[in-house]
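*Asks:* Here is how the chains run, residue by residue.
There are 2 protein chains.
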Amino acid sequence: MQDNILLGFLMHRPMTGYEVKKAMGGSTEFFFNTSLGSIYPAFGRLEKQTLVKKERRLEQGRAKNVYRITPKGKKHFLAWLEKTPKLANIREESLLKMFFYEHADAPTRGRHVREYIDAVEGRLAELISLRDGLRGSKAGRYRISTLDFGIEFYRFQRRWYEKFLESLGNEAI
Amino acid sequence: MQDNILLGFLMHRPMTGYEVKKAMGGSTEFFFNTSLGSIYPAFGRLEKQTLVKKERRLEQGRAKNVYRITPKGKKHFLAWLEKTPKLANIREESLLKMFFYEHADAPTRGRHVREYIDAVEGRLAELISLRDGLRGSKAGRYRISTLDFGIEFYRFQRRWYEKFLESLGNEAI
DNA sequence: GTGCTATATATCAAATTGATATATAGCACG
DNA sequence: CGTGCTATATATCAATTTGATATATAGCAC
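Going line by line, the protein sequences match chains X and R.
Our numbering applies: residue 122 is where the first sequence begins, and numbers increase by one.
Our numbering applies: residue 122 is where the second sequence begins, and numbers increase by one.
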C-alpha cells in the first residue's frame, strides 16, 4: 500500500530510495512513515509493473539507483489519488493501556498521563517549529495543511489528557 | 506487540481465540484491532513462553482451545501495563493524499473532504450509540474513557475537515 | 591519516494482514 | 425431515512491513 507514497515523491523528480526516505523526514513521516527495508522492495515491485524505471547512475565514482516515474506510473498514482481516502483508524498504545487501567494502580495511571502529556508537548513543539520554518518558503499549501492537522491533533490530545488527568484526581482510590 | 492485548483479555477469564476476537468488537477494535490470523499464532508464542496455558475442551461435542493466563503471564502483562505508553503516531491515508493534493483538481479535493466528513459522522454515531449502551451497565470507567476519547477525536476531525473544506472553497482554482 | 558522519544499498527474521479453507452447531422454514 | 443460512472455531498462506544489521564509499575535520 506504500507504493503510492513512493510514486508521489517521484512526481516531483527522480530519486534514489535513500533520497525518498530523507524527503519523508519532516514531511510525511508524521502521518505516514516507512522504513528503508520496505522502500527498496517496493521499488522492485514498481519496476516490475513498469510504474518506475531504474536508472543506474555513476556520480563521483559511486553507483546510485535513481528511480524515475513512467507515464503509466503517473496514471497509476493519479488514479489512487482520485479515490476518496478511507476513514482513519486510531491505533494508540496509550488507549489500549487505558482500557486495562483497572489492573494498574492510581500512581501508575497518573504518571502515565503526565509523561504522555510531556511527550505530546515535545512533538507539538517539533511540529510548530517545522511549520514556522516553512512559512515564507516555497512549500505547498497542502503540505502546510498536513502539518496544521498534526499540530491541532496534538493540541486536542493535550486538552483531552489534561481533562482525563483531572478526572483521575477525583477517582475513588 | 499484540501479545499483551491477548493477555489483557485473559485477565478477565479464559477464552478461545475466537472469543477474544469477538470481545474486541465494540471495545478495543476502534483503537487497536487485530485479525484472527495473528491471534492464533500469538497464542502459540504465548504458550511456548508459558504465559498462557492451552486447555482442550469438549463442549457439546465440539473441541475448543481455551487459553488461560498463568501467574507468569499476569506478571508479564502487569509489567507491560506499568510502562508509560509511547506517543501515538498518526497514520492517515487522508493526510497522505492531502500532502499530494497539488496533483488533484479542485472538485476531487472537495469531494474527498465531504465524503470523508460523512465517514467521520458515521463512525461518530456508532461510537456514541455504543457509549449510550454502556451507560448504566457494569462496564468499567476506563473502557468508557477510551470510547470518550474516540468520540472527541472524531469530533475534532469533523471540525478540522469542515474548516479545511471552507479554506478549499477560497482557493484560487 | 584517523575518525566521524552522511550517503547508499541489501538482506533477514519476525510479525501482521486479509483472504481462504474447513467443519460443526443451531435455527428457521416449508 | 431436509435444506439453507448464520455463528462458532481453527488453521493456513502469500504478501507486506518493520526494525535491525551488514557493507561500503564519500567528505570533512583535526
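Calculated directly from the structure, the hints in this document are not laboratory data.
A few of these clues could be false.
You can't tell identical chains apart in this list, so a pair holds if it fits in one copy or across any two.
[Unchecked claim] Mimicking BS3-like on lysine-lysine, the simulated pairs with C-alpha atoms at most 25 Å apart in a straight line are:
no.	residue 1	residue 2
1	K259	K207
2	K174	K193
3	K174	K207
4	K207	K169
5	K259	K174
6	K204	K259
7	K284	K185
8	K169	K259
9	K284	K259
10	K204	K185
11	K169	K284
12	K207	K185
13	K142	K284
14	K175	K259
15	K204	K284
*Asks:* Look at each hint and say if it fits the structure.
*Replies:* Evaluated hints:
no.: 1; hint: K259 with K207; result: neither (29 Å within a copy, 34 Å between copies)
no.: 2; hint: K174 with K193; result: within (11 Å within a copy, 53 Å between copies)
no.: 3; hint: K174 with K207; result: neither (29 Å within a copy, 39 Å between copies)
no.: 4; hint: K207 with K169; result: neither (27 Å within a copy, 38 Å between copies)
no.: 5; hint: K259 with K174; result: neither (28 Å within a copy, 60 Å between copies)
no.: 6; hint: K204 with K259; result: neither (27 Å within a copy, 42 Å between copies)
no.: 7; hint: K284 with K185; result: neither (52 Å within a copy, 44 Å between copies)
no.: 8; hint: K169 with K259; result: neither (35 Å within a copy, 56 Å between copies)
no.: 9; hint: K284 with K259; result: between (39 Å within a copy, 23 Å between copies)
no.: 10; hint: K204 with K185; result: neither (34 Å within a copy, 43 Å between copies)
no.: 11; hint: K169 with K284; result: neither (52 Å within a copy, 42 Å between copies)
no.: 12; hint: K207 with K185; result: neither (36 Å within a copy, 36 Å between copies)
no.: 13; hint: K142 with K284; result: neither (37 Å within a copy, 31 Å between copies)
no.: 14; hint: K175 with K259; result: neither (29 Å within a copy, 60 Å between copies)
no.: 15; hint: K204 with K284; result: between (37 Å within a copy, 21 Å between copies)
In this structure, the earlier hints numbered 1, 3, 4, 5, 6, 7, 8, 10, 11, 12, 13, 14 are contradicted, and the remaining ones agree with it.
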